[in-house]
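Colleague: The chain contents come next:
There are 2 protein chains.
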Amino acid sequence: MAVYTDISETELASFLTEYDIGELRSYRGIAEGSENSNYVLHTTGGEFILTLYEKRVERADLPFFLGLMQHLANKGISCPLPVARRDGELIGNIAGRPAAIITFLEGFWVRRPTAAHCREVGKALAGLHLAGADFSLHRHNAMDMAGWRKLWEGACARADEVEPGLAGEIEADFERLKADWPQDLPKGVIHADLFPDNVFFLGDRLSGLIDFYFACNDFLAYDLATCLNAWCFEKDFSFNLTKAKALLAGYQSIRKLDAEEAAALPVLAHGSALRFLMTRLYDWLHVADGAMVQKRDPKEYLRRVRFHRAIGSASEYGLDGS
Amino acid sequence: MAVYTDISETELASFLTEYDIGELRSYRGIAEGSENSNYVLHTTGGEFILTLYEKRVERADLPFFLGLMQHLANKGISCPLPVARRDGELIGNIAGRPAAIITFLEGFWVRRPTAAHCREVGKALAGLHLAGADFSLHRHNAMDMAGWRKLWEGACARADEVEPGLAGEIEADFERLKADWPQDLPKGVIHADLFPDNVFFLGDRLSGLIDFYFACNDFLAYDLATCLNAWCFEKDFSFNLTKAKALLAGYQSIRKLDAEEAAALPVLAHGSALRFLMTRLYDWLHVADGAMVQKRDPKEYLRRVRFHRAIGSASEYGLDGS
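Just so you know, the protein sequences line up as chains A and B, in that order. Take our numbering: the last position of the first sequence gets the number 323, and nothing is skipped along the way. Take our numbering: the last position of the second sequence gets the number 323, and nothing is skipped along the way.
No lab work stands behind these hints: they were computed from the structure. Among the hints, a few may not be true.
Chain copies aren't distinguished; within one or between two, either way the pair holds.
Said to hold, decoys possible - Heads up, simulated SDA-like pairs for lysine to any residue below, C-alpha to C-alpha not over 20 Å straight-line:
{"hint": "1", "residue 1": "Lys300", "residue 2": "Ile312"}
{"hint": "2", "residue 1": "Lys151", "residue 2": "Val288"}
{"hint": "3", "residue 1": "Lys296", "residue 2": "Tyr5"}
Taking the hints into account, I'd like the entire structure generated from these sequences.
Modeller: Shown next as C-alpha cells:
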C-alpha cells in the first residue's frame, strides 16, 4: 500500500525511450499493490500503469505473469495488457528493478460487494479458467501446502501469542488437510488472489481483473474456494450464503464443477483459509512495525478456518446440485 | 505519503451527487501529501484530485486554502482550481472528514532540479506573491517563531539524543533570531512550503504549484528564503550557488527585493531552516515508528541552520546588487 521505490524524471524519461507510448505528461505513485511500486503514467498516448517489481516478486516469474495477462487480454478477458517495448520485450529495468508498463483499466474495486458483484466475480473467474487452458507457460504454486507449512515452521513457536492454543489447533488442521487434500482435480491457470481489491467494477458491471502476481497452475476449484473466503464473509465473520450462492452459480453458468470438485470444495476452502492465515500470521510475527508492508489481523482468517472445518458438504455453501 | 482514509464506492457516489463533474470511472489513492489523503478521480468530465483533510489540517483554515487557490487560479497562476459543488460550496464531507475536489494538473515534480528549474521556481514564487496581494482572507503563520518555540519546548529535553550539544546550540539560535528577526518587511500571502515535490514541471517549463496547506500571511522574503533551503542544497548539504543565483534572479525578474528584504535574507534563511529542523526534530522524537507520517532526518536541516549562521550578507547567496 505504498511506493517503495521513488523514481526520478530522468530515470523515467530514459526508461520510456524504449517504448512507443508518446510524451510523458505526469506520473504519480499510487497507494496500491502490497508487493510492488506502482505509478499512474499519463502520456500523450494515454494512461498506463508502471509497475516496479520489488524483492518479493521473483524475476524469473515475470514472463509467466506478463505473458498470462497478454494471453488473457488477447482472449477477451478484461485485464491489463502489458505494453511491449520497441524491441518486443515486456520487461524493462528502472531504478535497479525489473519493471513493466501495462494498460490502465477503468473502474474501481468495491469495498462493499453485493451478491450481484459476487455473481460477476464467479463468471469472470470461470472465464479466466477457460481462457487460461491453452496458456503455454507453467508456474508451480509457491503457496501450496508445502509453502504454508514452511511459513508455519517460522511462526508456530510464537503462534500462541496470537491466541492461546493456536499452535495445537493449526497442527491438527495440517494433519487433516494433508489426509484429505484432493489428489486429482481439474488443473489449470488460477489467479490465486482474486480478492475484492483485484476486481474492478463500473456499477454492477465487472470492468477488469488485475494483479496476476500470485497466478500459477493449481486446482481450478481451489481458486473458487479462495473467492468464497475473499467475497462471502461479512466484516463480523458471518458467512453470507446469498453471496456464496451467487458466486458459485455465476461460476457454474460458465464452467460447471464436476462431482469431485464439488465434493472437495470444503477442504479446498479450509486449505485456502489456512494459506491466508499463514501469510498473515507470519507477517504479524515477523514484519517490523515500521515497515511499509501492511500487516493484517491473522484472526480474520482463523475465523474462516474454523468455519470451513465445520462444513460437511459444498451444499452448505449454497452449491446447487452438489 | 499514504492514504489515511479509505473510502467506499457508495460514500464516493453519494459525495459526487453534490458535484457536476460527470460519472465516476475510476478512483485510486495516490501516495502523495504528507498530511492528507488524496485520490485521483476519473470521471466522464475529466480528471480531478479528491483530498480528504486529516486531523493535522484545521477545518477553519480550509476556506483560506481553497479560496486562495481559486483566487490565484483566476489570476492566471497555474495551480489547482477547487471545483465548486452545485450549491456553490468548495468543501464537502466524506468518511467523516472535510474534503474538496480540485482540478488535476499535468506535469510532475523534479527529483533532480537544475538551475533552470530554480529560475522558474523563483519567477513563479514572485508571481504568486504579486497575485496574492489582493486576496481578501488572512491567515496567521502558525509556524512563526512562537510556533517553532513551542515545538522546541516539546523536543529540547531530548535534543541531545540526536547530537550531543544540540540543545545548547539551538537555544543560542533562538536567542540570536529573536534579536535579529526583522520587524517590518513587505508582507503578503506566502506558500510557506514550496519544496520540489510541490512544483510540477513539463520539461523545463513550470506547469503548476500545488499543496497550499501551509499558506499564510508573512514576510514575502521569508518564502524566498524557504526556497533557498528547499532548492539550493545538494544531497551532500553543499550549497549550490549557481542554483541560488538562478532562483534569486528569477524571483527578482518579476518582483524586486527592497534593500531591507535583501539585508534580511540570511536571518530569514536561518529562521526558515530552524523552522523545518523543529518540525522534523519533533516528529523524529515523538511520532511512533509504525505511524504513517514519514519521518525525515532532522540533521538535513541542522546542516542548513549551521550554513546560514555563517552567512554575512545576501550577496553570499548570489543575490545581485545586494
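Colleague: List in ascending order the numbers of the hints, as given earlier, that are violated by the structure.
Modeller: none
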